[in-house]
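Below are the chains, spelled out letter by letter.
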Amino acid sequence: AQTVTQSQPEMSVQEAETVTLSCTYDTSESDYYLFWYKQPPSRQMILVIRQEAYKQQNATENRFSVNFQKAAKSFSLKISDSQLGDAAMYFCAYTYNNNDMRFGAGTRLTVKP
Amino acid sequence: DSGVTQTPKHLITATGQRVTLRCSPRSGDLSVYWYQQSLDQGLQFLIQYYNGEERAKGNILERFSAQQFPDLHSELNLSSLELGDSALYFCASSVEPLAGGIDTQYFGPGTRLTVL
Chain R
1 AQTVTQSQPE
11 MSVQEAETVT
21 LSCTYDTSES
31 DYYLFWYKQP
41 PSRQMILVIR
51 QEAYKQQNAT
61 ENRFSVNFQK
71 AAKSFSLKIS
81 DSQLGDAAMY
91 FCAYTYNNND
101 MRFGAGTRLT
111 VKP
Chain B
1 DSGVTQTPKH
11 LITATGQRVT
21 LRCSPRSGDL
31 SVYWYQQSLD
41 QGLQFLIQYY
51 NGEERAKGNI
61 LERFSAQQFP
71 DLHSELNLSS
81 LELGDSALYF
91 CASSVEPLAG
101 GIDTQYFGPG
111 TRLTVL
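Those sequence lines, one after another, are chains R and B. For the record, in the first sequence the residue sitting at position 6 is 6 according to the working numbering, with numbers rising by one throughout. For the record, in the second sequence the residue sitting at position 96 is 96 according to the working numbering, with numbers rising by one throughout.
So that you can see chain B by itself, here it is in the shape it has in the complex:
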């Protein structure tokens, strides 16, 4: 158990719909990352938040958005869903090292999204 929680575990929805995925980071971690794992694209970085602020953006579609709340949990919003959005969505968290360098990203169990 990494300490990162994600809900729901599974989500089945229809094309054109909107869903929200939730992530709670490990206690003390300020950074939250979202990744998408699909069969054809592999694991891809979507977006990072640090202490409520967006820090980095990867291959995130305009139909997708995220935010991090004051209690540090994060939500990933996916709208106008398409069949190709079916994937496993991971959240990861890390602490910001005081002395520079980087901290390891610890992954949650993922949310399996199926778009029918």
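Just chain R, with the same shape it has in the complex:
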């Protein structure tokens, strides 16, 4: 069964600093897709970044980047130059079949001014 684990229920970071959110997953598939979604207090689910497992290069979107370690089944999110607007719940997600997506339990990120 495919499962996604986020071992950090809460994290905090000082404004302008860097923070890394952890995610591990379990799968027997070789080709799959990983995502980070952000859920601010508005509850909207917003895509932050996606990674295709067949790509060795780590995805980057402005201040957001991932460290994808396929062998270790690890997919961490690095937020650089943290801003107050980054405060939210962050969910790691996995899918391989374009059908259901499996989500981790989430990490609540607090940004301190």
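To be clear, the hints were calculated from the coordinates, so they are not data collected in a lab. Heads up, some of the hints might be wrong.
In silico DSSO-like pairs for lysine-lysine, Cα to Cα no more than 30 Å straight-line [said to hold, decoys possible]:
no.: 1; chain 1: R; residue 1: K70; chain 2: B; residue 2: K57
no.: 2; chain 1: B; residue 1: K57; chain 2: R; residue 2: K73
no.: 3; chain 1: R; residue 1: K78; chain 2: R; residue 2: K112
Just so you have them, the derived chain R footprint on chain B, three or more residues with Cβ under 8 Å [as the list claims (entries may be wrong)]:
no.: 4; stretch: 52-64
no.: 5; stretch: 103-113
Virtual Cβ for every residue (Gly too), placed ideally from N, Cα, C.
Once you've looked at the hints, dock chain B against the given chain R.
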């Protein structure tokens, strides 16, 4: 704004009742997904429709059903409601990539259901 719309935003009802949640996907998207986000279960996939046909089922209760109409909007019907059905219900949509692979799922703002 993801382009996915959901109505209503909030719904308060009583146990035993039936409600219908509505979702309009992004323009051009053929797939619609329904998810339930509750405090104790987290985000769970319920069901997917593609171009009017059911494609995949997740942890959807028999009391729940969905459909996708010819104009591609979708409705999630929840019946015989119980207190435990109180949750945030998300709809997401995606396009079917022509070259294989998958497309990102874009989420609507959700419908907050409270069962009293």
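Do the hints match the structure? See the list:
1. R/K70 - B/K57: holds, 28 Å
2. B/K57 - R/K73: holds, 26 Å
3. R/K78 - R/K112: Given that 30 Å is the threshold and the Cα spacing comes to 17 Å, the pair holds.
4. 52-64: holds (count 3)
5. 103-113: Held - the stretch 103-113 of chain B has 8 residues with a Cβ nearer than 8 Å to chain R, which meets the minimum of three.
Taken one by one, the earlier hints all hold for this structure without exception.
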